[in-house]
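Assemble the complex: chain A is given as a structure, and chain B must be docked to it using the hints.
Here are the chains, one letter per residue:
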Amino acid sequence: ETGVTQTPRHLVMGMTNKKSLKCEQHLGHNAMYWYKQSAKKPLELMFVYNFKEQTENNSVPSRFSPECPNSSHLFLHLHTLQPEDSALYLCASSQDHTIAGYGYTFGSGTRLTVV
Amino acid sequence: AQSVTQLGSHVSVSEGALVLLRCNYSSSVPPYLFWYVQYPNQGLQLLLKYTSAATLVKGINGFEAEFKKSETSFHLTKPSAHMSDAAEYFCAVTYNAGNMLTFGGGTRLMVKP
Numbered sequence: 006e007t008g009v010t011q012t013p014r015h016l017v018m019g020m021t022n023k024k025s026l027k028c029e030q031h032l033g034h035n036a037m038y039w040y041k042q043s044a045k046k047p048l049e050l051m052f053v054y055n056f057k058e059q060t061e062n063n064s065v066p067s068r069f070s071p072e073c074p075n076s077s078h079l080f081l082h083l084h085t086l087q088p089e090d091s092a093l094y095l096c097a098s099s100q101d102h103t104i105a106g107y108g109y110t111f112g113s114g115t116r117l118t119v120v
Numbered sequence: 028a029q030s031v032t033q034l035g036s037h038v039s040v041s042e043g044a045l046v047l048l049r050c051n052y053s054s055s056v057p058p059y060l061f062w063y064v065q066y067p068n069q070g071l072q073l074l075l076k077y078t079s080a081a082t083l084v085k086g087i088n089g090f091e092a093e094f095k096k097s098e099t100s101f102h103l104t105k106p107s108a109h110m111s112d113a114a115e116y117f118c119a120v121t122y123n124a125g126n127m128l129t130f131g132g133g134t135r136l137m138v139k140p
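So the protein sequences, as listed, match chains A and B.
Okay, so the first sequence: first residue is 6 according to my numbering, each after it adds one.
Okay, so the second sequence: first residue is 28 according to my numbering, each after it adds one.
Here chain A stands alone, though its shape is the one from the complex (with noise of 0.2 Å):
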């Protein structure tokens, strides 16, 4: 049990779909995160919350469009995806994104394949 659970685990979409992915952390932290895996490749941040206000967008395309409701809740909507698009999505929460230290906590993330 992370505190942090992301659905669905895995996802098949066409290019032409629309589908989100969904985390909710359970941990009381006020910073959300989006991440992208891909294989070979560096962790890339593609979006920060803290406090349910977006402070960073690491220029991410707009077919990816992020939602943070409240401060446990954060939702990655996606539509027109590319197949390098495919990857794994991770979400992450911690404390607070304007406090050193607190390092984050990661949920198992969702496999997403573009066909």
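Just so you know, these hints were derived from the structure itself, not from any lab.
Mixed in with the good hints there might be a few duds.
No more than 27 Å apart at the CA atoms, straight line, and that leaves these computed lysine-lysine pairs for BS3-like [claimed, not checked]:
hint, chain 1, residue 1, chain 2, residue 2
1, B, 85, B, 96
2, B, 85, B, 95
3, A, 57, A, 27
4, B, 139, A, 45
5, A, 46, B, 139
6, B, 95, B, 76
7, A, 23, A, 41
8, A, 46, A, 23
9, A, 46, B, 76
10, B, 76, B, 96
11, A, 24, A, 46
12, A, 41, A, 24
13, A, 45, B, 76
14, A, 27, A, 41
15, B, 76, A, 41
Covered by chain B, according to a simulated footprint, are these stretches of chain A (three or more residues, beta-carbon under 8 Å) [to be verified]:
hint, region
16, 34-48
17, 102-111
This one's a predicted model, so the numbers in the text were calculated from it and none came from an experiment.
Where a beta carbon is used, it is the ideal one built from N, C-alpha and C, also for glycine.
Here is chain B on its own, set in the frame of chain A:
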């Protein structure tokens, strides 16, 4: 800008042998340093972290790491490798300016019987 380098994308050891995974960081200010482990198709799990207290940090599963300021290093060690230690290991750094973790490229540890 902060950065962290992990030397060796793949490390192979025999079961029972010493594990040494290398991490070097660049910094002009005191860093906070982390080691994470990732098993196949899982998220990253925190192994240990250095936050300016003791320079030798003990973590879970028998791992430890030593912060060496003079060498700007934070290498991860374990005296005796188990088959279950086979995984990918990530070093990460952040500084007082905020909690933005910068990750190294990862080191895949293979353990041979």
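Satisfaction of hint between residue 23(A) and residue 46(A), Cα-Cα up to 27 Å: Cα-Cα ~25 Å, so holds.
Holds or violated: residue 76(B) to residue 41(A), with C-alpha atoms at most 27 Å apart: holds, 23 Å
Hinted pair residue 24(A) and residue 46(A), Cα distance within 27 Å: holds, 24 Å
Restraint check for residue 76(B) with residue 96(B), where alpha carbons must lie at most 27 Å apart: Given pair residue 76(B), residue 96(B) holds - Cα atoms ~15 Å apart, limit 27 Å.
Distance restraint between residue 41(A) and residue 24(A), which requires alpha-carbon spacing of 27 Å or less: holds, 16 Å
27 Å limit on alpha-carbon distance, applied to hinted pair residue 45(A) and residue 76(B): holds, 25 Å
Given coverage of the region 102-111 of chain A by chain B, checked by CB-CB distance under 8 Å (3 or more): n = 10 at 8 Å, threshold three: holds.
Satisfaction of hint between residue 96(B) and residue 85(B), Cα-Cα up to 27 Å: Roughly 18 Å separates the two Cα atoms, so the pair holds.
Satisfaction of hint between residue 76(B) and residue 46(A), Cα-Cα up to 27 Å: holds, 24 Å
Hinted pair residue 139(B) and residue 45(A), Cα distance within 27 Å: holds, 22 Å
Restraint check for residue 57(A) with residue 27(A), where alpha carbons must lie at most 27 Å apart: holds, 15 Å
27 Å Cα cutoff - pair residue 46(A), residue 139(B): holds, 25 Å
In summary, the structure agrees with every hint in the numbered list given earlier.
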